[in-house]
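Here's the letter readout for the chains.
Number of protein chains: 4
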Amino acid sequence: MCGVFAVCGTPEAAKTTSVGLHHLQHRGQEAGGIVSFEGEHFYEHREGGLIGRIFNKSVVARLSGTAAIGQVRYSTSGVKHEDVVKQARDAQPMLKKILPFGTVALAHNGNLTNAKTLQLELALTGKVFETQKSDDEMIDTEVALMLIGAAIEPTLVGRLKTVLPLLEGAYAFIVMTSKQMIGVCDPLGIRPLMLGRYKGAWMLASETCAIEGLDAEFVRPIQPGEMIAIEDGKITSHTFSVKQPSRLCIFEHIYFSKPDSTLEGKSVMQTREALGRELAREASIDADIVCAIPDSGNYAALGFSQESGIPFAFGIIRHHYVGRVFIQPPDERDRDISLKHNIVRAAVQGKRVVLVDDSLVRGITAQRIVARLKRAGAREVHLRLSSPPWQHGCYYGIDEANVHRRVAKPYENVAVVCEHVCALTGADSVAYLSVDGMYRAVHGEPRNSTCAQSCDACFTGRFPTPLTDRCGGRIH
Amino acid sequence: MCGVFAVCGTPEAAKTTSVGLHHLQHRGQEAGGIVSFEGEHFYEHREGGLIGRIFNKSVVARLSGTAAIGQVRYSTSGVKHEDVVKQARDAQPMLKKILPFGTVALAHNGNLTNAKTLQLELALTGKVFETQKSDDEMIDTEVALMLIGAAIEPTLVGRLKTVLPLLEGAYAFIVMTSKQMIGVCDPLGIRPLMLGRYKGAWMLASETCAIEGLDAEFVRPIQPGEMIAIEDGKITSHTFSVKQPSRLCIFEHIYFSKPDSTLEGKSVMQTREALGRELAREASIDADIVCAIPDSGNYAALGFSQESGIPFAFGIIRHHYVGRVFIQPPDERDRDISLKHNIVRAAVQGKRVVLVDDSLVRGITAQRIVARLKRAGAREVHLRLSSPPWQHGCYYGIDEANVHRRVAKPYENVAVVCEHVCALTGADSVAYLSVDGMYRAVHGEPRNSTCAQSCDACFTGRFPTPLTDRCGGRIH
Amino acid sequence: MCGVFAVCGTPEAAKTTSVGLHHLQHRGQEAGGIVSFEGEHFYEHREGGLIGRIFNKSVVARLSGTAAIGQVRYSTSGVKHEDVVKQARDAQPMLKKILPFGTVALAHNGNLTNAKTLQLELALTGKVFETQKSDDEMIDTEVALMLIGAAIEPTLVGRLKTVLPLLEGAYAFIVMTSKQMIGVCDPLGIRPLMLGRYKGAWMLASETCAIEGLDAEFVRPIQPGEMIAIEDGKITSHTFSVKQPSRLCIFEHIYFSKPDSTLEGKSVMQTREALGRELAREASIDADIVCAIPDSGNYAALGFSQESGIPFAFGIIRHHYVGRVFIQPPDERDRDISLKHNIVRAAVQGKRVVLVDDSLVRGITAQRIVARLKRAGAREVHLRLSSPPWQHGCYYGIDEANVHRRVAKPYENVAVVCEHVCALTGADSVAYLSVDGMYRAVHGEPRNSTCAQSCDACFTGRFPTPLTDRCGGRIH
Amino acid sequence: MCGVFAVCGTPEAAKTTSVGLHHLQHRGQEAGGIVSFEGEHFYEHREGGLIGRIFNKSVVARLSGTAAIGQVRYSTSGVKHEDVVKQARDAQPMLKKILPFGTVALAHNGNLTNAKTLQLELALTGKVFETQKSDDEMIDTEVALMLIGAAIEPTLVGRLKTVLPLLEGAYAFIVMTSKQMIGVCDPLGIRPLMLGRYKGAWMLASETCAIEGLDAEFVRPIQPGEMIAIEDGKITSHTFSVKQPSRLCIFEHIYFSKPDSTLEGKSVMQTREALGRELAREASIDADIVCAIPDSGNYAALGFSQESGIPFAFGIIRHHYVGRVFIQPPDERDRDISLKHNIVRAAVQGKRVVLVDDSLVRGITAQRIVARLKRAGAREVHLRLSSPPWQHGCYYGIDEANVHRRVAKPYENVAVVCEHVCALTGADSVAYLSVDGMYRAVHGEPRNSTCAQSCDACFTGRFPTPLTDRCGGRIH
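Quick note, the sequences are listed as chains A, B, C and D, same order. Counted the way this note's numbering counts, the first sequence spans residues 1380 to 1855. Counted the way this note's numbering counts, the second sequence spans residues 1380 to 1855. Counted the way this note's numbering counts, the third sequence spans residues 1380 to 1855. Counted the way this note's numbering counts, the fourth sequence spans residues 1380 to 1855.
Please note that a few of the clues may not be correct.
If several chains are the same, the list does not tell them apart, and a pair holds so long as it fits within one copy or across any two.
Said to hold, decoys possible - In the DSS-like style, the derived pairs of lysine-lysine whose C-alpha atoms are separated by at most 25 Å in a straight line are:
id : residue 1 : residue 2
1  : Lys1558   : Lys1622
2  : Lys1578   : Lys1753
3  : Lys1730   : Lys1788
4  : Lys1719   : Lys1645
5  : Lys1730   : Lys1645
6  : Lys1645   : Lys1622
7  : Lys1645   : Lys1753
8  : Lys1558   : Lys1788
9  : Lys1578   : Lys1558
10 : Lys1719   : Lys1788
11 : Lys1719   : Lys1436
12 : Lys1558   : Lys1495
13 : Lys1495   : Lys1613
In case anyone wonders, no lab produced these hints; they're calculated from the structure.
Let's have the full structure, built from the sequences with the hints guiding it.
Below is the structure:
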């Protein structure tokens, strides 16, 4: 997962972009990059770490210009100092010289499911590639730029209309040249891209929170299969695929997006409360308090409390100063020390606790917290997840390490999954929200089995695009 | 404000101390230091920044030993890179060679109100001082060590019994020599110091959360005027002043301490909920939702909601990746951009909002949030503070910049203060908790005017110790 | 100017390469890079700064493998910290994926005079380029790799035979794949590339000093138009151009190469002494001592002293701790403070000084030293340069800033140049070595006007290759 | 060994000091520090590393003021990054608050031989000390400041007159207060301190090269037992001990001082040439060339060549980019790779070489170079040292590690020492300059056995001061 942001038509484009990316930091903490254009030159800076540290005054001062695009990248743990330079190489936006357009910068959020196949085809015709051992997103980006270079249409919009239909998967692209800013959303709208406006400036961002966090006006989402081109302050809209209903990633509602963002016309925070209320209806339990695994479970927990009438309590405190922590707990094995969450003993002692989180992938955090709740004297702990079992992984931009280590296996039914999670975490009971419950909370109606209203492949295994690189093109 | 931690009798003393200090990080983000002792040598490391970054594997590996003490220091904004070396000089623990004890390390939380007077007296007798332009806490610490050196008793406990009665103010000291670990609490117990135990190891910490965050057992607080000496795994208790009732700083309950700590037998989080309930009783208002300024106002807001029946909502989202942020919003004046808090528009639009925080010093955050709530469509915003006006400042270890910039002036009555805060923040109404309401929530009864149960000088102006350096020794 | 080094067939290839590059550090101080291959993976590290600082133990430990190539790059002054990341991007070796060879790494020393023309042609056929605003050497390298990708021969040697004849200019390439190490020298042998051997390992280096500095055996130079391929420990030699007499850059003898290197069978140091002796014969003068501008002029000064009988003296001391110095002299204008050279007053006071340097480009150093010699009491200062006026610049890899700021203009005769230099430096007399004198010292005979024995374009304006990018292909 | 510098009465005192320290860098490469005073405040900066890197523009800009003092410290090898903070603590100048003078800064070059005894005495009277495990120089400095604090005279000059006679050993102090700058030289003038002048500004420096490197005028050395006080631009001279003949450290002539400095009226470089000439007279040998171990042996080698008529050659090249080098040669044992010196094979092949250095302490460098000369084909190598065997070590500020690892033992006669060095280095013959030869070169006459003209304790074992800390006060 990543986040992208762009602005054009404002005197401090890089500064605005740094704030926009700061608001998208939850979508990627590994590295960040900004490319700006000031009428003649492009300026670039990429670095490992958090936006708030990278783009200090002197760095931003070098990135002059009235247009800029940027990206934040997913965090992998344990990055050591000597890897910073390497990270910077892999960070986006990527810049290439392409005739007749000159420099073309591209920032990408998502994953192409046929990028390696396309790369092989291009390589067989003698193209050379920059990246070795780089991650998928860099290959995607270079393949897209190579295809733009190889296309023959005279305009960039024309070339994109030729190139984009060759790409499979989920993607949001922002492209910047000396003339234009272009925003692209994949044909099914799986990855979000939002249009905003502030006075004469246009913005593109992965989420509305970045636009509203800049006190700008959220205009509308880019539509599935739509390409927006901004030139001389004017917007034109183009389509590059047959019109299809949107299948926005449902995990954006559940986990990815920030609670203060708006998706498909709904407040993410309110959707999460609704997920908690559905969960309370489906999986009620007799208990004394509802606690969230903070902060991800806060909203569903409040919704659960509202629906069930069981009081909400701040029984688990999230440490403020987490981020990249290099300290380590002492080695003795019988301690189970968390550097991230603490229990409020007085709040849970002797209580039956409903413990709510939005989802469960590897189960490590839930396992630790259940153990610590019990040690703090909780009488019972009932784990409630406000989404279905995450059984099928994702090929549209999620860290594969998580896919491989997920608890819920594709072939298991929910009861078996719950049993495993009970055993793993030590919870007294475990329940997941159903697929239809999730749809009711998000869309107000159950899943439409003819044409699902969202991409829900991670829960259902129904992937809405071919997965050419992996399995030769099955469509679900 | 600072935090101190110590452990002795465990094979990984510095590692344990780094985790302990990490749990005390909310008490100081400027710098951290650890001194360890391994039977022959002392090892030391101090650096600017967060504990989780400073004490990485290789730094901790150098700090070998079975005993260690450490400190975290208060954060001042805008520290630049070139100041890191300077900070490191000023960080604690301080080490001195004192005969016949050899190396003596001291970590201090609090403030002596006669340190400058004592320093002058010592200097007049020919003593030379290390620190120039250093902060008060460093002067305190050096003065204390100088007095220990000048005393003539043969034992360190004996010298402390002579020296401590000379000190005025609020302090918690941890002293480490090659033989002993000593913990000291000031005669009124204004600054907290807690004793913990893990198997054969003893711990001292500013708060219980650091002890319990290490899965160790909280034994008891050090008493007012008590000195605990640990030697060869055994504890002895000594007193150095006439017994007086405890007057623990009431702001520890309200703001300083972590919600998962325990103070005077009570859960800090539950006390804060109780403050919110008292506030709801004293300053009720007809409204649609209760929102906290997160995370400081969370618990009082929930208490307010419980008592008033007005639903609690997460209307304001705190950015996770704050810490030291170097980016800056674009310069245009008409935007009021926050890098720290975002509003969930859908949650507040058209609503009458009770906005709860634990206290109000300068009012800047409240001002911004009220403005942004209104812009997001909140119909009314009623600001409720779960403590009385912070009118008198503090001379026991609080950043003086805050004292000077406080909104509430000593000579104003509450109604006038509320008027000013209304004008400043743009809130539709403002109310503070009363002093007696605060005491009811914290102690279960109103303020005892003969002998207040806490130090509440910042609210009442009644300072419980002489303020010799400032005013020649008035006692309230 | 740059330096390249490679080794294969040794267990610590990156370590060996780091030492080899350290010995080539005089050829480039801006940045360094190493790419290693360990049977399956390639590892890379590039960074701004000196080799001795970049390739510390932990960096080298990551670069595992039995084959490695590296490069050092030219120093530009005043690089600030925030540019380090940018430099790392531009540093070599460059890595590309090229089918069917997989990863191909290339390090380059020299300059192609038709790289921009070739880049334009490739771009017109739809190729996209990585580098924007990068320096010439990066464009050269990418163009070469693109051409290799576009060629159709099945082997890399075969492709290079097709591609290299398309390149104009002066170059030494080292190419590494998972199978082969290839060393290439341009058709005229303008840039040097040396072959060395240590037990079973082969080495390639810009100079013999890097080979002998590793106590390895210098085997022979790569010949003009020769390509050496090393595979499975065996060497094969290939040619890619019609055989032509070598025209090695004569400035390698005069200035570029390290005095302990061997070029065209001669010791560089001894050649420089010979240049000094020729100079003494051509431009004798009555004086008391011969001083060098250290360390570049040391050897010619000693030769001048030997031939003239005027005693050699260390009258000017070079500061050891120069490198990147960020301090600045106080601002007052009437001081002419050098941070690099000091005068030994007692050695020069009242003396007539012959001041010898190997060449004079901008004249700044000579100007300062003459002024300081006079201030220290030197009676006369006679500047003697052991090469002809550097009038025509260079298009084969020399920093263009120097070309533009050179004192000697192409249209001036030597007498006029000497007059200008006298006026600029304040020397009492100035003399340059003649072109034929230079050839006598280097080759034992005057310049062969039919076919010069060296590339001497910077002195004569006779460029031995087309300069397509600049002037559409004039050949001299 | 260290270097000190001070200036007062100039608008850019810290800038001037940074350049002055840069010229003294050969006296200490571990760390540097500057303290400035601008009329009201003192500013300070200390850091590990080279002056040219530490005192960049922004650091110097913070050190405002018209007076400044600074120090450079001895280099120990292999300092890792995490030790930088520790170094900074130990770096000088040291600052203390001392009534009635306020802040007092002190920079020290030398070593007190009774500092630990004095420290113990002070500690026994209840004084506490800052430094634990610090080096001797920091203890010296703190002891001196403590004594100043404990003295009772009303003026600083008065207190120094009381305090300095208590100190034994070799020292040059510079003291700065808000009012005065004071320079002190020990009673025997063992450590040098020079007075300079530039317009209205006064300078103090360990060597004249720092004064002349700033184009200032060298006025005179501070005399043995003299104290210079500068106040309001005026100088007064005071004495604090009975007048004794100077016994300046003779190793300053031989090795410590920079060749462009002047000592006791003589050019250091010319003295070193004279040492080489004496050596040629005493230890002539039939040979083909004279080579120096560069750069330390350069001047004596030239002198040897002048006297013997054997030609001087640059047969060994010193690497420019040494400083702190973190790369390491490959591990195989049969290579003897130097990162510091290279041999010019053509210059030495088949030759009988006289190899000259100024002194020999551990013999490691000589051993490596002899081996490499032989491998490069030198027929014979005759090692000649332009000073006597360094048999007795030094207690006046030399790195003790060197003392312990010296080759020449106190009880050996010269013939035995030469045999050992022959065996160690593999040289064909070894000869040292005699003590009287050394005195002839330095003073124009043999050693005066009644009262030696220099401190020559390292060669003769005759220490001119008590060594109280070590041996209870023997005086030689």
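Could you place lysine 1719 and lysine 1788 in one of the four classes (within, between, both, neither) given a Cα distance threshold of 25 Å? Neither, since 28 Å and 39 Å both go past 25 Å.
At most 25 Å between C-alpha atoms: does lysine 1645 with lysine 1622 qualify within a copy, between copies, both, or neither? within (23 Å within a copy, 62 Å between copies)
Within, between, both or neither, where lysine 1558 and lysine 1495 count as close if Cα-Cα is 25 Å or less: Between. Shortest inter-copy distance 23 Å satisfies the 25 Å Cα cut-off; intra-copy 30 Å does not.
Measure nothing new, just compare the shortest in-copy and cross-copy C-alpha distances for lysine 1719 and lysine 1645 to 25 Å and report within, between, both or neither. between (31 Å within a copy, 23 Å between copies)
If the cut is 25 Å between Cα atoms, do lysine 1578 and lysine 1558 qualify within a copy, between copies, both or neither? Classified as within: same-chain Cα gap 20 Å, cross-chain 59 Å, threshold 25 Å.
Within, between, both or neither: how does the pair lysine 1558, lysine 1622 come out at a Cα-Cα threshold of 25 Å? neither (28 Å within a copy, 50 Å between copies)
Cα distance capped at 25 Å. Does lysine 1730 pair with lysine 1645 within a copy, between copies, both, or neither? between (35 Å within a copy, 17 Å between copies)
Go through the copies and call it for lysine 1730 and lysine 1788: within, between, both or neither, with a Cα cutoff of 25 Å. Intra 32 Å, inter 44 Å, cutoff 25 Å: neither.
Is it within, between, both or neither when you check lysine 1578 against lysine 1753 at 25 Å Cα-Cα? Between copies, since 20 Å is at most 25 Å while 55 Å is not.
Intra- versus inter-subunit Cα pairing at 25 Å for lysine 1719 with lysine 1436: So lysine 1719 and lysine 1436 pass the 25 Å test across copies only (18 Å; inside, 31 Å).
When no copy is specified for lysine 1495 and lysine 1613, does a C-alpha distance of 25 Å or less occur within a copy, between copies, both, or neither? neither (36 Å within a copy, 35 Å between copies)
Between lysine 1645 and lysine 1753, at a C-alpha cutoff of 25 Å, which is it: within one copy, between copies, both, or neither? between (37 Å within a copy, 20 Å between copies)
Consistency with the previously given hints fails for numbers 1, 3, 8, 10 and 13, ordered from lowest to highest.
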